[in-house]
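Engineer: Using the working numbering, the first residue of the sequence shown is number 435, and each one after it goes up by one.
Among the clues, some could well be false.
Quick list of in silico lysine-lysine cross-link-like pairs, DSS-like style, CA-CA up to 25 Å [stated by the list, open to error]: (1) 521 with 571; (2) 587 with 571; (3) 587 with 521.
Hints are computed from structural coordinates only; laboratory data are not their basis.
Just so you know, these numbers come straight off a predicted model, no measurement behind them.
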Amino acid sequence: MAVLLQQDPLLVAFTALGFCIVAIVIMLIVLVRQSILLRRYRSLLRGNTNASLEDLLIQQQQATADLRAAQESIRRRLSDLESASQKYLQRIGIVRYNAFPDVGADLSFSCALLDGEDNGVVVTSLYGRSECRTYAKPIRGGSSSYALTDEEKQALRLARGVDNEKA
435 MAVLLQQDPL LVAFTALGFC IVAIVIMLIV LVRQSILLRR YRSLLRGNTN
485 ASLEDLLIQQ QQATADLRAA QESIRRRLSD LESASQKYLQ RIGIVRYNAF
535 PDVGADLSFS CALLDGEDNG VVVTSLYGRS ECRTYAKPIR GGSSSYALTD
585 EEKQALRLAR GVDNEKA
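Working from the sequences, and respecting the hints, build out all of it.
Structural biologist: Below, the structure is given as structure tokens:
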């Protein structure tokens with residue numbers, strides 16, 4: 435083979451040219467890959483001109499720890515709010531009716547206002563031709579220490595979401 439290369443200089447030139455073309459193609463592939471890596475590295479370091487990759491990782495770990503602490507704080511606050519919300523007015527049941535036979539238009543009503551623990555009040559307004567009276571009866575645990583009228587019981591059932599006659 436060495437004798438063949440010495441005899442034909444043109445073959446030597448083409449062989450060298452082939453190796454050069456292969457080397458140039460390999461070099462171009464390496465340059466493209468390096469350019470892609472450099473672009474990714476710069477986007478990673480964007481905004482931090484003097485930061486190293488190690489500094490960025492430390493910053494990200496700190497940010498993650500801060501977010502976890504904030505998330506835990508939010509969870510505790512949510513739990514507190516859920517507990518407190520049981521005391522807020524949550525359910526309403528209202529029944530309109532005619533309290534007296536000579537009055538129409540369902541102007542009398544009973545309204546039950548309950549919190550999440552079935553505590554609250556039943557407000558009843560009785561409308562008559564010459565007067566209107568309003569009464570309030572406390573509700574504890576879904577029942578009252580005062581006698582409830584049928585309309586008040588119905589309003590209480592509506593507020594509690596109970597369909598049967600037991601209230």
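Engineer: Against this structure, judge whether each hint is valid.
Structural biologist: Do the hints match the structure? See the list:
1. The hinted pair formed by residue 521 and residue 571 meets the criterion: a straight-line CA distance of about 18 Å does not exceed 25 Å.
2. For the given pair, residue 587 sits about 11 Å from residue 571 by alpha-carbon distance, which is consistent with the 25 Å threshold.
3. Distance restraint check for residue 587 and residue 521: the Cα-Cα separation of roughly 22 Å lies within the 25 Å cut-off, and the hinted pair is therefore satisfied.
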